[in-house]
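Chemist: Dock chain B against chain A, hints included.
There are 2 protein chains.
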Amino acid sequence: MPITVIPVEGLPLIRPGDDLARLIAAQVELVDGDILCVASSVWSKAAGNLRSLDECVPGDRAIAIAAKTGEDPRFIQAVLDESESLILEHPFVLSVLPHGHIGVRAGVDQSNVDGGQVILLPRDPLNAAAGLADSLLEVSGARVGVIVTDTCGRSFRRGQTGHAIGWSGMTAIRDFRGETDLFGHELKITEEAVVDEIAGFANLVMGESDAGVPAVVFRGIPPWTGHDDLYWREGEDLIREALCRVHSVRPLR
Amino acid sequence: MPITVIPVEGLPLIRPGDDLARLIAAQVELVDGDILCVASSVWSKAAGNLRSLDECVPGDRAIAIAAKTGEDPRFIQAVLDESESLILEHPFVLSVLPHGHIGVRAGVDQSNVDGGQVILLPRDPLNAAAGLADSLLEVSGARVGVIVTDTCGRSFRRGQTGHAIGWSGMTAIRDFRGETDLFGHELKITEEAVVDEIAGFANLVMGESDAGVPAVVFRGIPPWTGHDDLYWREGEDLIREALCRVHSVRPLR
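Order-wise, the sequence lines are chains A and B. Here the first sequence is numbered in my numbering, starting from 44 and rising by one per residue. Here the second sequence is numbered in my numbering, starting from 44 and rising by one per residue.
Looking at chain A on its own, in the form it has when it is part of the complex (with noise of 0.2 Å):
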């Protein structure tokens, strides 16, 4: 059966209290089983999980971490501040989420937002999308899953893609460990990031700069199971193990 991705089209600049999933449901009509992708920036902006720089007080850390990278240090205490710990200072700051994501500048954007404000992920990202598909459940009828996504960079490979931060009516990954192959072999892939593959696609139909479409709906995927267990933890981790052995970072609190 062919699965049909839909771009929500025609969505207002969101702002602080805008009710996204009403926004959403007037553009698209859900259905029971539908996935709707929606950017983190998006999210946050309606929730207002926002920052105004001139809020951000630099302290020391982020002032010495400013002048290595070359940023604003109040941006950088912003990101510091969303960090539970920090793998790279620089040539960017690398950290760790308190909900487990790892990512470049901790999330917090400075595109799409004006006059010297900066987004922040949501801090709850699970609790996020749950609270999103409870809304689309009210406004629309319809029981759909949600995924929040955020765009991160890759190691060994150029080039940015669309990743999972928060998911609700699915779980992150398709457990495959136990099922066989055409030939009976057990399986060598076992695990698969599906939460990801989904926003990876999302992301593209999404687009950035100015035509840029922040949620889009996912039609006709057929339900999986398996585990929300995405983020390795510290010591399962092969490359976040270098990359600390390698820099070193002082820790943050």
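Check each hint, because a few of them may be wrong.
Mimicking EDC-like on lysine to aspartate or glutamate, the simulated pairs with C-alpha atoms at most 20 Å apart in a straight line are [unchecked claim]:
{"#": "1", "chain 1": "A", "residue 1": "111", "chain 2": "A", "residue 2": "124"}
{"#": "2", "chain 1": "A", "residue 1": "111", "chain 2": "B", "residue 2": "279"}
{"#": "3", "chain 1": "A", "residue 1": "111", "chain 2": "A", "residue 2": "132"}
{"#": "4", "chain 1": "B", "residue 1": "111", "chain 2": "A", "residue 2": "280"}
{"#": "5", "chain 1": "B", "residue 1": "111", "chain 2": "B", "residue 2": "124"}
{"#": "6", "chain 1": "B", "residue 1": "111", "chain 2": "A", "residue 2": "279"}
{"#": "7", "chain 1": "A", "residue 1": "111", "chain 2": "B", "residue 2": "280"}
{"#": "8", "chain 1": "B", "residue 1": "111", "chain 2": "B", "residue 2": "132"}
Everything labelled a hint here was simulated from the structure, so no lab data went into it.
Modeler: Okay, now just chain B, sitting in the frame of chain A:
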């Protein structure tokens, strides 16, 4: 405009010598502008890009690595033969392939193949994609883009996702450099690895295990412009550098 994603169902089990383009075109009516994703394993099976483990005579290096990873030394020899250089020897071999891709076990695959054989990645995946596009034009009359996919792990996050290793009829990266956001600021995200975003979603639609569908058609993705410089080169990638410094694996040749 919605995008349609069509799993190519009903393909027979692909064997060496099969005309992959003709088999695909018999199952789905292709139109100009479609993008066809095909699993590298299936491309390699049709092309006979397999090796029998019995013909892989393990050298000293393969025997030493296999002792650490607990794998068949013949399998490790096949992995080394596909590799240009090594980044990790264990807990798994991570190597750089001649075409730039960095993959676990050099993408050599023991699943979904019978009788002590392994499937190799296409040696020249760009050419593999272009050749399949040419064959599809011949058998269907449609000028389609082709992406050859593989399944890979990522940094910081559990689970594998689909990645592009070969592409034709498109650039790997959509390049936004110089564009501005809704408020006229220069964009934070400037290079988007769209081939990986498409390959990832294709991987979800393909599935694994015995219900696998090895080809997926995307219809209606608007064209983009950019470049093909998908892989970080040595010295450009902080993560590769950190892994190499911590693990300091002896050069392969």
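Chemist: Could you run down the list of hints and mark each one as holding or not?
Modeler: Okay, the hints, checked on the actual structure:
no.	hint	verdict
1	111/A x 124/A	18 Å, holds
2	111/A x 279/B	18 Å, holds
3	111/A x 132/A	8 Å, holds
4	111/B x 280/A	19 Å, holds
5	111/B x 124/B	18 Å, holds
6	111/B x 279/A	18 Å, holds
7	111/A x 280/B	19 Å, holds
8	111/B x 132/B	8 Å, holds
In summary, the structure agrees with every hint in the numbered list given earlier.
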